[in-house]
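For this one, chain D is given, so just place chains S, B and V on it according to the hints.
Protein chains in written order, with my numbering: chain D, 23 to 272; chain S, 499 to 710; chain B, 174 to 387; chain V, 16 to 319.
Keep in mind that the hints are not guaranteed to be accurate.
Unchecked claim - As a list, the in silico BS3-like pairs of lysine-lysine whose alpha-carbon atoms are at most 27 Å apart:
#1 D:Lys195 x D:Lys261
#2 D:Lys195 x B:Lys247
#3 D:Lys157 x V:Lys54
#4 S:Lys566 x D:Lys157
#5 B:Lys185 x S:Lys598
#6 S:Lys623 x B:Lys185
#7 D:Lys195 x B:Lys235
#8 B:Lys247 x D:Lys188
#9 B:Lys330 x S:Lys598
#10 D:Lys188 x S:Lys598
#11 B:Lys299 x B:Lys330
#12 D:Lys157 x V:Lys208
#13 B:Lys330 x D:Lys157
#14 V:Lys186 x S:Lys703
#15 D:Lys261 x B:Lys247
#16 S:Lys703 x D:Lys237
#17 S:Lys566 x V:Lys54
#18 D:Lys188 x S:Lys538
#19 D:Lys261 x B:Lys299
#20 B:Lys330 x D:Lys261
#21 B:Lys299 x S:Lys538
#22 D:Lys195 x S:Lys598
#23 B:Lys185 x S:Lys566
#24 D:Lys188 x B:Lys299
#25 B:Lys299 x D:Lys195
Claimed, not checked - Residues on chain D that point at chain S, a partial pick, calculated with CB under 8 Å:
#26 Leu63
#27 Phe66
#28 Cys70
For the record, the hints were derived by calculation from the structure and aren't laboratory data. Even for Gly, the Cβ is constructed at its ideal location relative to N, Cα and C.
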Amino acid sequence: MGEPEAGGGEAPGRGHALAMDTLATLILIFVGAALINNFVLHYFVGICPFLGVSRRVDTAFGMGCAVTFVISIAALLNWTFTYFVLRPGAPLPAWVWAAAGGDPATQVDLSVLSYIIYIFVIASSVQLVEMYVRKFFPPLYRSFGVYLPLITTNCAILFACLEIMKHMQDPTKVWGLHEALALAVGGGIGFTLAISLMAGIREELDLCEVPRPLKGAGIALIVAGIMAMAFMGFTGVDKGVHAALSALLR
Amino acid sequence: MPSDQPTALERFINGILPENPIYRQLLGMCPVLAVTNGMKPAMTMAAATAFVLICANVMVSLIRGLLKPHLRILVFTLTIATFVTIADRLLAAYVYDMSKQLGPYVPLIIVNCIIISRCEICASKQGAGVAIADAFGMSLGFALALASIATVREILGSGTWLGLPVLPAGWPGWGIMVLPPGAFLTLGLLLGMAEWASQRRAAVKRQGGGTR
Amino acid sequence: MSAAPPRGGYLKQAWLVIVLSLVYGGGLAAVQTTLSGRIADNRRAETYDVIPELVPGGDKGKTEELLVQGADGKDVRLYQVFAADGSHRGWVLPAGGQGFADRIDLLVGLSADGATITGLYVLAQKETPGLGDYITGEDFRRRFAGRPAGEPLVVVKSDPRADNEIRALSGATISSESVAAIVNAALANLREAIGAGGDSPQGVQETAPRQQAH
Amino acid sequence: MLITVALALAAGVLALLAIAMGYALGWANRRFYVEVDPKVEAVLAALPGANCGGCGFVGCSAYAEAVAKGDTAVNLCAPGGASCAQQLADIMGVALEESFPYRAVVHCSATRNERLQRTEYRGEQTCTSANLVAGVQGCIYGCLGIGDCAAACQYDAVHVVDGLSTIDYDKCIGCGACARACPRNIITMVPFKSERMLVVACSNQDAAADVRAVCMVGCIGCKACMRAAPDLITIEGALPSINYDNYDPTDETLQKVLEKCPRKRVLFVGRPTKAELAAVADEEMPEPVQADFKTTVDDTAWRG
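Excised from the complex, chain D in its bound form (with noise of 0.2 Å):
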């Protein structure tokens, strides 16, 4: 990254290339997470606060910074967890593994552990940020922790933890911090952009007459649909913002 740029940019050093070609997979796993494959409206997590939570711009807007921020700390804390002990050929095991005098040439593999170890930092996680919030930052307390219990079965925490882990079972391909908290803010913000959404058109809904048995859930989720087929328009983009990354970087 040193290397001085020669030639007013023509010839890029090879560090300087290598950061902005991580850069660029950086913003695509953002937009992947966010927009194409959104994760409400694609992957189907955190379907019930997107239709619980969903009555009030403003609540639902709320809910979607506490799952944002909350999403983060997680995929940190499991990133942690799974690049030091939980991986195919993770350090911690494989240094047990050599204290006990065992074969090099077959590992311990804990990654059976993952699934309970993630929910359960989760889990303490939720609750420590909710008592340090309440200690240190009260009013920001009043807005948001109403919604951090309800944030523990939040399924789009414990999937984003899964997506990074999946990226990390191949030892040839282990995603960085960096990549696993791409996707993580990436997915707390679609998660964030599709329930304000939805709660912008099921505030214009009450003014509408809904038939009887459609109302509630039924039409929450016709409504749902319908954005997902917006969204589904989102497919591709990353080709485009390939493209142009790739042309502003040369």
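For chains S, B and V alone, coordinates are given in the frame of chain D:
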């Protein structure tokens, strides 16, 4: 055990229709939307959920005397996560295709509200026998709901049911039905139909009472 | 919450959680050790079962898994395919990238000299049903066989005129282009490693010996 | 060997995590301990926890905080009633002031046919929507009679009778949900100092001619009531308003006000008191005429 708790039979029957987890309680919507583009994944999902629900219910029911109120949810979560992992590994070992297709939705059973709410409502208060009956009823109700949605989506989307062709070969599969929007639309309309039926039944009952 | 909790009380109260986590951890490890062989077999079979289809004459029992260094400096997984008589028949190279809707994972078969694509297999995709998902079809995959691996593949909408041109699926140009782009990227990354060196390609060092398939 | 290490490692990692997290949470619980006023918790425990918002706060916990701070009265919880107010007063160590239960009052008394210039409304059947449409009925103050208030009531105390929202004072607990639901704000909460209260059952503030054009019964602002009881009644716009602070249920002028009103729009609502029932107990009332359900079919035909 307080005597006003429902019996095993009531628990079982309640789970299937009167308290159907999807249509009545609107719980566990993620898998309902995500894996119902075909009958096969839907049924695999229902089986995995049933396995976890039954095991977790029994386990929680057995240790219910030791639970501390404020740590109870944590214990439920740990138990559920363990059985989900076991289910996940069993799927990967014996039905690898399905395991690959279901992907992250198997581990997401952990945060399926159906299971934790059954642990909370039934298993932590009643004996193992009732807990098993309850788990079977709920699983059956869940499976029925998944099957109904998957049937609509697979037949309209691909013209097949459980992979067997049911519509003429010229059927132009409605691509939208197997895509995410189809899931939302199908569930929304089916919910509306269920609601309509129950409203009608209530109206008929009211009318019947009036004329008598 | 009504009074400040006493020191250490938390651990004492949590004994059930700790005992349960010991039991569950042990139980899970036992499950894992029992089933991991089967799961690993399943996972490997997914790749190995299609090897004869990807590299003509290849024998899945003789295939070896290698880790080689790609042009981007990272390790890349690669399968060296041998025939039943032990002669080197080609390579199978896993590749993946973003498709139109979601990630596409592919296996690309190469001839022994690394100059020709011999086959293509789609491991995982979530393209639009009825359009993009035809990339898994025999018809589309056969369009790649016999193409030169040395130059980038180009997707065209009409009948291909040059050797490196692939006709797109109608209505799924982006999916077709994605597949071609993924293949191009994977090949470019490994071109140096495989080279045109035949049986003992330059640059292929086994960074980690892997167990052979049964 | 492998299995032993794997078992031990898995169990160990998990148990270690459990201990670490248990310890961290315990530490955090002390470190981040927020001094919660025990009064808040006690108040919260005494409240019914319905989160109905009848007290005017966002929920029970917000009201509990306000009560514990001494910012607000202890008797605002309508669902909890007198026993709850007494408990809160005990907790806070204050004397429970004499309080009057609030009850909903509909300030309109025109039934469907008494309201004029009505047009058929076919939009969404809620008052909120109908209120946005001009010309649904002549009186822009009066009850729309679709029943948003009835839908909002959790206690089955509001019903639309003959196109007019009517409160069932046997069921009303004074939560105020109907008053919040009404888009025309014609339902108010009135402190019931006795079982029956004098109220102004009209909201139309227009001049007499305008009122007559749109309503057969509405208040025409003649001020006769104000002249009868100037301390109690003021005229705002062209509409009398009763100052309930000066209201004394035993005051004789109330009856005078009632008699003076030419349109009979100042009236009593609520249940009759025992005294009033006793007062009319010896009055001669005509026997109610029993409906005579005689079949039109000649009985003889059936005898054959």
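Hint check, failures only: Structure breaks hints 5, 9, 12 and 13.
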